[in-house]
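Using UniProt numbering, you'd call the opening residue of the sequence shown number 1 and step up by one each time.
For the record, the hints were derived by calculation from the structure and aren't laboratory data.
Hints may contain errors.
[Stated by the list, open to error] Computed cross-link-like contacts, PhoX-like style, restricted to lysine-lysine with a CA-CA straight-line distance of at most 20 Å: (1) K132 with K77; (2) K77 with K156; (3) K156 with K181.
Since the model is a prediction, treat every value here as computed from it, not as a measurement.
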Amino acid sequence: MSICFRWVSNLSSSTTETLSTCKTYGSLPLKPPLFSSIFHLPPRPRFQLLIRATAAMETDQSAVTSTTANSTNPPMKLLFVEMGVGYDQHGQDITSAAMRACRDAISSNSIPAFRRGSIPGVSFEQMKLLIKLGVPHSLQHSLDIERVKSVFPYGKILNVEVVDGGLVCSSGVYVEEMGDKNDDCYIVNAAVYVGY
């Protein structure tokens with residue numbers, strides 16, 4: 001039995017591209033194929049420029065190092081970025097949401113390279129962190145940065161940057177017994193830059 005697939009792509013209003021493939025299976029029972037033999041796919045996107053991930057990573061790293069470099073903090077060599085989201089559904093505490101976002105960012109990662117000496121010439125004590133928090137603008141004044149910093153068990157925190165972001169939405173319920181003032185849910189996004 002042979003099964004054939006044919007793809008037809010419309011490249012423009014007057015040009016189409018057809019791709020097909022067939023495979024013969026000698027031991028399959030003789031039953032009608034489960035799939036239609038013709039698939040019409042939407043036109044493939046055409047890209048004008050090649051995008052290289054390394055170039056973007058270098059740009060991001062240079063942006064991170066330039067914002068932290070000064071006389072007391074030399075530039076940080078970025079190793080990776082951890083991202084997380086935190087919510088406070090009851091009690092309307094933006095700091096709790098920010099702490100949960102930071103815990104979410106670091107909770108699924110292990111960094112043995114700093115402890116085991118995998119990076120030549122770099123010790124555990126040289127680990128540096130930059131924290132960027134997306135917090136709703138109207139709540140930024142009530143964010144307790146020191147409580148947020150307490151989430152990180154190790155690493156020198158060079159900076160905590162707070163930018164407009166996150167979200168205030170309805171949790172759908174107001175529970176006075178849980179400290180709710182209203183039904184607002186606070187959402188914070190966190191990016192944790194780890195390097196040395």
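Task: Violated hints, by number in ascending order, as checked against the structure - done: 3
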